[in-house]
Every structure is written in C-alpha cells, then in structure tokens.
Amino acid sequence: QVQLVESGGGLVQAGGSLRLSCKASGSIFSFNAMGWYRQAPGKQRELVAQITSLGSKTYVDSVKGRFTISRDNAKNTVYLQMNSLKPEDTAVYYCAARNRALDPFGSWGQGTQVTVSS
Numbered sequence: 034q035v036q037l038v039e040s041g042g043g044l045v046q047a048g049g050s051l052r053l054s055c056k057a058s059g060s061i062f063s064f065n066a067m068g069w070y071r072q073a074p075g076k077q078r079e080l081v082a083q084i085t086s087l088g089s090k091t092y093v094d095s096v097k098g099r100f101t102i103s104r105d106n107a108k109n110t111v112y113l114q115m116n117s118l119k120p121e122d123t124a125v126y127y128c129a130a131r132n133r134a135l136d137p138f139g140s141w142g143q144g145t146q147v148t149v150s151s
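Numbering (the numbering used here), first residue to last: 34 to 151.
These are calculated hints, taken from the structure and not from any lab test.
Don't take each hint at face value.
Stated by the list, open to error - Computed beta-carbon distance windows for the label pairs:
1) Thr-85 x Lys-56: 18 to 24 Å
2) Gln-36 x Gln-72: 15 to 21 Å
3) Leu-135 x Gly-41: 26 to 32 Å
4) Lys-119 x Gln-34: 31 to 37 Å
5) Glu-79 x Ser-151: 19 to 25 Å
To be verified - DSS-like cross-link-like pairs, simulated, lysine-lysine; straight-line CA separation at most 25 Å:
6) Lys-90 x Lys-56
7) Lys-108 x Lys-90
8) Lys-108 x Lys-76
9) Lys-97 x Lys-119
10) Lys-108 x Lys-56
11) Lys-119 x Lys-76
12) Lys-119 x Lys-90
13) Lys-97 x Lys-76
Source: prediction; values computed, not measured.
Glycine residues also receive a C-beta, built at the ideal position from the N, C-alpha and C atoms.
Could you put the whole structure together from the sequences, leaning on the hints where they help?
Set out below in structure tokens:
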C-alpha cells in the first residue's frame, strides 16, 4: 500500500501563506483522486480540496479563491497552496488518496499541523 507523507505545515500570521506537500511512496498516477482534508479541534474532518487523475479540481466553499491544489505526477507529489490564511484555517491537514471514483479515500498520511494566528 502506498504511503503518504505530508510536510510544509507550521505557524503563520493571518493573511500569510503556506504550501503543503504530500509525497507518495509510489506512483500517484493510478489513483482516481488525491485530496487534502483538515480537522480542527472539536470538529469533524472535512474535505478541503481534491484533484482527479484528469486534473479536475474541487474545493470546499470556505477556501475557494484562497487555496489551490495541484499535482506533479513525475514527483509523485500533491500540493496545497494556501494563501490569505485565516485563524479558522487552523487544523491538522491530511493528504489522502482514492483508488476509484466511488471509493472512499482509503490511503492517508499522518497529518501536518497548520496554525494561523490572528
């Protein structure tokens, strides 16, 4: 099973930017989709953004216009560029992969903490 390793989290002031990376141990080309989830304390995990193998991207409304998901198949890496960060973006961010279109996201990274100070 492929392993996913996130990096790039940290502490940033409101209005700042961070870029998260998710490096896979194997090819990501075969996955139907890659996604970024986040979970804030006391809240359910939510899908923030996903990108399919054909490059189609979707975002949760709260990050539209601020976050951009991208993938580099040659590097087996998925990115999440986060701009204009807000305190409510504070959460642990997880990378995930889905094998087929109707499957749940079944492969997960360990998560990376993003903290946005006001």
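Outcome of the hint check:
Roughly 19 Å separates the CB atoms of Thr-85 and Lys-56, a value that falls within the hinted 18 to 24 Å. Taking the beta carbon of each, Gln-36 and Gln-72 are about 20 Å apart, inside 15 to 21 Å as hinted. Taking the beta carbon of each, Leu-135 and Gly-41 are about 30 Å apart, inside 26 to 32 Å as hinted. Range check, Lys-119 to Gln-34: Cβ separation about 35 Å, and the 31 to 37 Å hint holds.
As the Cβ distance of Glu-79 to Ser-151 is approximately 21 Å, the hint placing it in 19 to 25 Å holds. The hinted pair formed by Lys-90 and Lys-56 meets the criterion: a straight-line CA distance of about 19 Å does not exceed 25 Å. For the hint pairing Lys-108 with Lys-90, the CA-to-CA distance comes to about 19 Å; that is within 25 Å, so the pair holds. Proposed proximity of Lys-108 and Lys-76 is contradicted: the alpha carbons are some 33 Å apart, above 25 Å.
With a C-alpha separation of about 13 Å, the suggested pair Lys-97 and Lys-119 falls inside the 25 Å cut-off, and the hint holds. Restraint check for Lys-108 and Lys-56: satisfied, since their Cα atoms lie roughly 8 Å apart, inside the 25 Å limit. Restraint check for Lys-119 and Lys-76: satisfied, since their Cα atoms lie roughly 17 Å apart, inside the 25 Å limit. This hinted pair checks out: Lys-119 and Lys-90 have alpha carbons roughly 22 Å apart, not beyond 25 Å.
Of the pairs offered as hints, the one joining Lys-97 and Lys-76 holds, with about 20 Å between alpha carbons and a cut-off of 25 Å not exceeded.
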